[in-house]
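Q: Protein chains in written order, with this note's numbering: chain A, 1 to 128; chain B, 1 to 134.
Think of the hints as simulated: they come from the structure by calculation, not from any bench. Incorrect hints may appear among the rest.
A few chain A residues that face chain B, going by a derived Cβ cut-off under 7 Å, partial list only [to be verified]:
#: 1; residue: D28
#: 2; residue: T29
#: 3; residue: S61
#: 4; residue: I97
Some chain B residues well away from chain A (every beta-carbon gap over 12 Å; in silico) [stated by the list, open to error]:
#: 5; residue: M1
#: 6; residue: V25
#: 7; residue: Q27
#: 8; residue: K31
#: 9; residue: E65
#: 10; residue: H66
#: 11; residue: D114
#: 12; residue: R128
Keeping only pairs whose Cα atoms sit at most 30 Å apart, straight-line, the calculated DSSO-like set for lysine-lysine is [to be verified]:
#: 13; chain 1: A; residue 1: K99; chain 2: B; residue 2: K31
#: 14; chain 1: A; residue 1: K22; chain 2: B; residue 2: K31
#: 15; chain 1: A; residue 1: K58; chain 2: B; residue 2: K31
#: 16; chain 1: B; residue 1: K131; chain 2: A; residue 2: K58
Using N, Cα and C, we set each Cβ at its ideal position, and we do this for glycine too.
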Amino acid sequence: MPLEILILKTVGDRNLGDVTVKLTGSLDTATAPELERQLSPVLASQIKHLVFDLAQLKFISSAGLRVFSMARKQLKERGGQASFVNMQPQIQEVFEIMKSLPGVAIFKNMAELDAYLAARQRSHEENQ
Amino acid sequence: MTLELHATPEEVMRAVEALQEFGQVRQVPDKQLFGLALALEECASNIVNHAYQRDARQTFRVTLEHTGSAVVIELRDRGQEFDPTQAPVPEKEADGEDRPAGGWGIQLVRRYMDEIRYAREAGENVLRLTKRLG
Numbered sequence: 001m002p003l004e005i006l007i008l009k010t011v012g013d014r015n016l017g018d019v020t021v022k023l024t025g026s027l028d029t030a031t032a033p034e035l036e037r038q039l040s041p042v043l044a045s046q047i048k049h050l051v052f053d054l055a056q057l058k059f060i061s062s063a064g065l066r067v068f069s070m071a072r073k074q075l076k077e078r079g080g081q082a083s084f085v086n087m088q089p090q091i092q093e094v095f096e097i098m099k100s101l102p103g104v105a106i107f108k109n110m111a112e113l114d115a116y117l118a119a120r121q122r123s124h125e126e127n128q
Numbered sequence: 001m002t003l004e005l006h007a008t009p010e011e012v013m014r015a016v017e018a019l020q021e022f023g024q025v026r027q028v029p030d031k032q033l034f035g036l037a038l039a040l041e042e043c044a045s046n047i048v049n050h051a052y053q054r055d056a057r058q059t060f061r062v063t064l065e066h067t068g069s070a071v072v073i074e075l076r077d078r079g080q081e082f083d084p085t086q087a088p089v090p091e092k093e094a095d096g097e098d099r100p101a102g103g104w105g106i107q108l109v110r111r112y113m114d115e116i117r118y119a120r121e122a123g124e125n126v127l128r129l130t131k132r133l134g
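Taking the hints into account, I'd like the entire structure generated from these sequences.
A: Shown next as structure tokens:
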């Protein structure tokens, strides 16, 4: 199963510069390098928030988690964050397992994400 | 069913797709099939990236078996002796983000499989992964 990568820049609200990455298919040992390649210029820009929309992601392995980890680390260094939304149950389970492992700090902050998205929604409504 | 595969990521995913078809035909529930696919991806990737250092001329074998009560995946390679069941569990750290991520795969395999057995047989690494059904 291939991976389709759609990178959308959010414009026109207060969070100018945010980027959403929609992934469709399988993020695995064969497709993770392509995601890493496409994310590289995005991460090199000064964006702070990167949202990975995983609604259509069917499969993930540690090769894919490694790319997420790398992105999250780079954003965190400049005070930003990576967020993961719309996970299918099997993907959610992989994240939960990673969270439970000692020594793995990457995916512990999904609660942050909810707070961030709620705040963003509010600011959007205020602008209406 | 036995597959002979070259040591490339694309071949790993060819094996994963064969497993998914194998499982669907035998009505293995999606949840179990996902775990099996993940375990196969991780273990076959280890062979490609570590045992064979991405030398695409090298080959390894994957055998899929449905016993009725379980699915068994066997992987055989001729790479350097390596027992993934002996891989250390990550130590607790305040911030593990700089930790090389190579060890995550085997942790996932441990969570999804019921049994992982390693043997060195006649110059081959033989890894058997078992997932009980039902």
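Q: Look at each hint and say if it fits the structure.
A: Status of each hint after checking the structure:
1. D28: Status holds, d = 6 Å.
2. T29: 4 Å, holds
3. S61: Where the cut-off is 7 Å and the nearest Cβ of chain B is about 5 Å from S61 (chain A), the hint holds.
4. I97: Hint holds; I97 (chain A) Cβ to chain B Cβ min 5 Å, cut 7 Å.
5. M1: 19 Å, holds
6. V25: Label holds. Min Cβ-Cβ 17 Å, cutoff 12 Å.
7. Q27: 18 Å, holds
8. K31: 7 Å, violated
9. E65: Correct as stated: the minimum Cβ-Cβ distance to chain A is 22 Å, above 12 Å.
10. H66: Per Cβ check, H66 (chain B) is outside 12 Å of chain A; nearest 21 Å; holds.
11. D114: Given a closest Cβ separation of 15 Å, the condition holds.
12. R128: 20 Å, holds
13. A:K99 x B:K31: It holds: about 20 Å lies between the C-alpha atoms, which stays within 30 Å.
14. A:K22 x B:K31: Roughly 23 Å separates the two Cα atoms, so the pair holds.
15. A:K58 x B:K31: 12 Å, holds
16. B:K131 x A:K58: Holds. K131 (chain B) to K58 (chain A) sits at ~20 Å (cutoff 30 Å).
Going down the numbered hints, you'll see the structure goes against just number 8.
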